[in-house]
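Number of protein chains: 2
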Amino acid sequence: MKCDLVIKAEYVLPMDKKMSIIQDGLIAINNKIIIDIGKSGELEKKYKPKKIINAGYGIALPGLINTHTHAAMVYFRGLADDLPLNIWLEKHIWPAEKKYVKPQFVRQASELACLEMIKSGITCFSDMYFFVEQTIAAAQTAGLRIATGEGIIDFPTPSCRTPKEAIKKTIKLINRYQNNELVKINFAPHSIYTCSKHTLLEVKEAAVDKNSLIHIHVSETKKEKENCQKEHQLTPVAYLAKIGLFDQKVIAAHSVWLEEEDLAIYKNKKVGVSHCPTSNMKLASGAAPLPAMLSGNIAVGLGTDGAASNNTLNMFQEMKITALLPKVYNLKADIAKAADIVKMATISGAKILNWDNKIGSLEVGKRADIITVNLNKPHLVPCFNPYSHLVYSATAQDVEDVIIDGEIIMQKREIKTMDEKKIIYQAKKFNP
Amino acid sequence: MKCDLVIKAEYVLPMDKKMSIIQDGLIAINNKIIIDIGKSGELEKKYKPKKIINAGYGIALPGLINTHTHAAMVYFRGLADDLPLNIWLEKHIWPAEKKYVKPQFVRQASELACLEMIKSGITCFSDMYFFVEQTIAAAQTAGLRIATGEGIIDFPTPSCRTPKEAIKKTIKLINRYQNNELVKINFAPHSIYTCSKHTLLEVKEAAVDKNSLIHIHVSETKKEKENCQKEHQLTPVAYLAKIGLFDQKVIAAHSVWLEEEDLAIYKNKKVGVSHCPTSNMKLASGAAPLPAMLSGNIAVGLGTDGAASNNTLNMFQEMKITALLPKVYNLKADIAKAADIVKMATISGAKILNWDNKIGSLEVGKRADIITVNLNKPHLVPCFNPYSHLVYSATAQDVEDVIIDGEIIMQKREIKTMDEKKIIYQAKKFNP
Chain A
1 MKCDLVIKAE
11 YVLPMDKKMS
21 IIQDGLIAIN
31 NKIIIDIGKS
41 GELEKKYKPK
51 KIINAGYGIA
61 LPGLINTHTH
71 AAMVYFRGLA
81 DDLPLNIWLE
91 KHIWPAEKKY
101 VKPQFVRQAS
111 ELACLEMIKS
121 GITCFSDMYF
131 FVEQTIAAAQ
141 TAGLRIATGE
151 GIIDFPTPSC
161 RTPKEAIKKT
171 IKLINRYQNN
181 ELVKINFAPH
191 SIYTCSKHTL
201 LEVKEAAVDK
211 NSLIHIHVSE
221 TKKEKENCQK
231 EHQLTPVAYL
241 AKIGLFDQKV
251 IAAHSVWLEE
261 EDLAIYKNKK
271 VGVSHCPTSN
281 MKLASGAAPL
291 PAMLSGNIAV
301 GLGTDGAASN
311 NTLNMFQEMK
321 ITALLPKVYN
331 LKADIAKAAD
341 IVKMATISGA
351 KILNWDNKIG
361 SLEVGKRADI
371 ITVNLNKPHL
381 VPCFNPYSHL
391 VYSATAQDVE
401 DVIIDGEIIM
411 QKREIKTMDE
421 KKIIYQAKKF
431 NP
Chain B
1 MKCDLVIKAE
11 YVLPMDKKMS
21 IIQDGLIAIN
31 NKIIIDIGKS
41 GELEKKYKPK
51 KIINAGYGIA
61 LPGLINTHTH
71 AAMVYFRGLA
81 DDLPLNIWLE
91 KHIWPAEKKY
101 VKPQFVRQAS
111 ELACLEMIKS
121 GITCFSDMYF
131 FVEQTIAAAQ
141 TAGLRIATGE
151 GIIDFPTPSC
161 RTPKEAIKKT
171 IKLINRYQNN
181 ELVKINFAPH
191 SIYTCSKHTL
201 LEVKEAAVDK
211 NSLIHIHVSE
221 TKKEKENCQK
231 EHQLTPVAYL
241 AKIGLFDQKV
251 IAAHSVWLEE
261 EDLAIYKNKK
271 VGVSHCPTSN
281 MKLASGAAPL
291 PAMLSGNIAV
301 GLGTDGAASN
311 NTLNMFQEMK
321 ITALLPKVYN
331 LKADIAKAAD
341 IVKMATISGA
351 KILNWDNKIG
361 SLEVGKRADI
371 ITVNLNKPHL
381 VPCFNPYSHL
391 VYSATAQDVE
401 DVIIDGEIIM
411 QKREIKTMDE
421 KKIIYQAKKF
431 NP
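Protein chains in written order, with my numbering: chain A, 1 to 432; chain B, 1 to 432.
There could be a bad hint or two in this list.
For lysine-lysine, the following BS3-like pairs were computed, each having C-alpha atoms within a straight-line distance of at most 27 angstroms [what the hints assert, rightly or not]:
1. Lys230(A) x Lys222(B)
2. Lys422(B) x Lys412(A)
3. Lys332(B) x Lys91(A)
Quick caveat, the hints were computed from the structure, so don't treat them as lab data.
All of these numbers come straight from a predicted model, not from anything done at the bench.
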């Protein structure tokens with residue numbers, strides 16, 4: 001049978017419900033869709049593909065999903081380190097944003113972020129920033145799948161004078177991209193400490209009307225929680241539940257300072273969490289209760305956060321840190337196991353973005369978002385368990401090929417869609 | 001003036017006392033020794049080198065020093081994950097060692113470890129294992145600098161029937177390598193829970209006699225501390241102080257569970273700590289009191305530990321995790337700052353190995369152990385602060401060139417001393 005593309009690898013990890021490990025596996029793709037997956041032997045005879053990617057001694061798995069980032073902030077990477085969130089934000093990031101964040105800046109910086117993400121095996125990212133149309137344009141050039149929304153904040157942002165304007169813009173973008181397979185528009189109110197109840201209710205109304213997701217920072221720092229308790233006698237989660245935000249589907253980024261009642265609300269209201277441990281560690285925000293979230297059946301995806309607080313968009317590093325932090329925090333080594341972490345970086349990420357009908361696992365009928373990881377490296381042999389290597393040993397630069405929506409975006413680490421040298425050259429010129 | 005080698009880079013970080021940052025810097029090397037370092041301009045006219053390495057838009061810095069590892073355990077990478085130290089050790093690692101650890105195993109596995117370490121910018125490692133002559137041979141082939149000692153344990157090891165035999169072997173090795181610039185032999189008693197007081201005192205006597213370092217695991221787990229308190233009414237550190245082990249210079253690996261009195265002992269006795277945060281997190285051993293150690297002027301180097309509990313020998317990852325863990329543990333973002341972390345990975349590592357008269361910084365008269373890091377990568381631009389990029393953004397695979405004792409061991413990621421493909425091929429065949 002003719003088809004567009006066949007991918008072969010020593011290990012294929014479909015991330016399906018059975019958590020299959022297919023040794024010497026094959027994936028067949030036609031018209032952007034996965035049409036077959038299984039052991040190589042018989043399937044290889046069945047298909048006559050236009051193109052073949054043979055990953056050899058490597059792993060093929062679903063593309064990684066970065067569920068919380070601010071792509072354009074890559075230009076602020078390393079601008080201010082070793083500072084707590086409030087000082088970092090108020091004294092360094094906000095002033096820099098005020099000075100530099102213009103459409104051309106967001107476009108160029110987003111292109112750099114897309115380049116970095118593709119090269120580290122990310123095929124889909126969930127963003128929140130300003131001049132969001134520029135980040136969408138960069139993602140379209142790159143061939144990356146994007147979920148995003150214009151940042152909604154009560155004070156004037158570089159791109160919108162009022163939250164109303166940002167909401168209006170979001171609605172326009174939803175209408176524009178409703179039939180685009182690679183773009184999903186969400187509402188992106190920043191947080192409870194930058195958005196009034198009035199703003200949040202307007203967001204919710206619009207999100208219900210457009211049947212869209214809401215992506216918001218929740219309970220990131222102890223200070224945010226304590227201030228909310230002072231003002232409303234409620235935790236941030238309970239406050240958002242009370243005003244009804246969770247009646248619509250929400251991605252709650254960070255979610256570090258949670259009470260048991262908060263976890264119960266998340267479970268009842270099907271709130272998805274974007275877990276960002278590196279950023280939470282670097283800004284000393286805290287350690288999120290990951291084991292409780294997982295045992296409570298809350299959907300948790302992983303996020304790198306922006307590169308200004310990480311300082312990379314590296315989901316391999318995020319996976320390793322996701323595994324390590326709860327072990328030491330709870331003095332319990334048998335939690336946050338490797339296979340569960342890979343799930344968070346793929347199918348669970350798709351779930352919290354409401355995109356798991358299309359992506360997040362390699363199953364017949366799903367869009368073909370696939371990466372391969374090369375195990376022929378000194379730090380990746382021997383291999384007894386591919387999940388273990390993905391989480392504990394591989395780095396972003398072991399990603400070899402990236403396929404998004406059936407298109408080969410990177411092959412043998414060469415990007416097909418963008419001019420890597422030019423993008424790096426532009427970034428080096430940015431000198432605040 | 002003629003010289004053997006000149007290295008140029010956008011940033012040269014000598015890791016000297018002033019923590020200089022030389023922009024557009026140059027290092028001149030002759031006869032294995034650094035003979036000059038400074039701004040490129042005038043120096044470039046002064047020297048006529050046989051070879052030039054121009055790192056361009058990159059960083060040149062001292063080679064990284066891995067102060068605690070068990071090189072040959074790379075063959076057990078990913079064999080058993082997500083388990084606490086005692087089960088991991090007793091149910092998985094010790095049985096595997098009993099079955100597989102033979103001279104040829106240690107030689108081949110150590111070659112893989114050397115390959116991995118060179119490719120991630122490590123120029124010197126401090127090891128502790130069995131059949132240590134095989135690991136020394138691998139390091140000599142690789143051109144790596146090594147500090148090591150035969151593992152001393154009360155029960156029979158794969159290589160020695162008794163601790164006495166291991167001590168004797170260590171003494172022989174000290175005599176054999178006393179004039180070798182690249183090899184330093186230490187005494188390596190495993191721990192207080194595998195070595196009796198009698199054994200430890202024999203080690204100390206021999207170490208005093210040969211004026212050698214002692215490298216030992218100390219207070220790695222809560223269980224180790226509690227058992228020691230039960231048996232001796234003392235913490236492991238106080239116990240070792242009481243029996244006099246610290247009268248000789250000691251590297252105390254891990255040092256997780258420390259009381260204030262333990263820190264005072266370390267300071268008084270000039271005990272060096274090998275801090276291994278990734279292994280301590282993965283085995284759920286605990287979070288060492290790094291801020292207290294640093295503010296108490298205790299010398300702290302970094303160690304990856306063996307690849308069976310990490311699961312890589314990647315000092316870049318170790319640096320990042322060293323920076324992140326104390327921030328979240330103490331909810332304080334302005335501790336464990338990037339430049340201090342790079343210090344730990346270089347000059348402080350040399351100090352705890354008693355090798356800082358020769359290596360650890362780029363200063364005139366020191367042996368030339370130098371690496372370059374390529375910043376022309378999507379995840380490393382823009383660059384405002386080279387220390388920040390080394391700790392928070394760079395990965396092992398950004399290391400471009402490795403020079404050890406004046407020899408070019410890796411150039412543009414190509415290893416000059418070993419057959420990379422053959423070593424990887426051998427490792428893939430190991431299938432327990």
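These are the hints, each one checked on the structure:
Simply put, Lys230(A) and Lys222(B) have alpha-carbon atoms about 38 angstroms apart, too far for the 27 angstroms limit, and the pair is violated. Distance hint between Lys422(B) and Lys412(A) is fulfilled; the C-alpha atoms sit about 21 angstroms from each other, no more than 27 angstroms. Restraint check for Lys332(B) and Lys91(A): the C-alpha separation of about 17 angstroms stays at or below 27 angstroms, so the hint holds.
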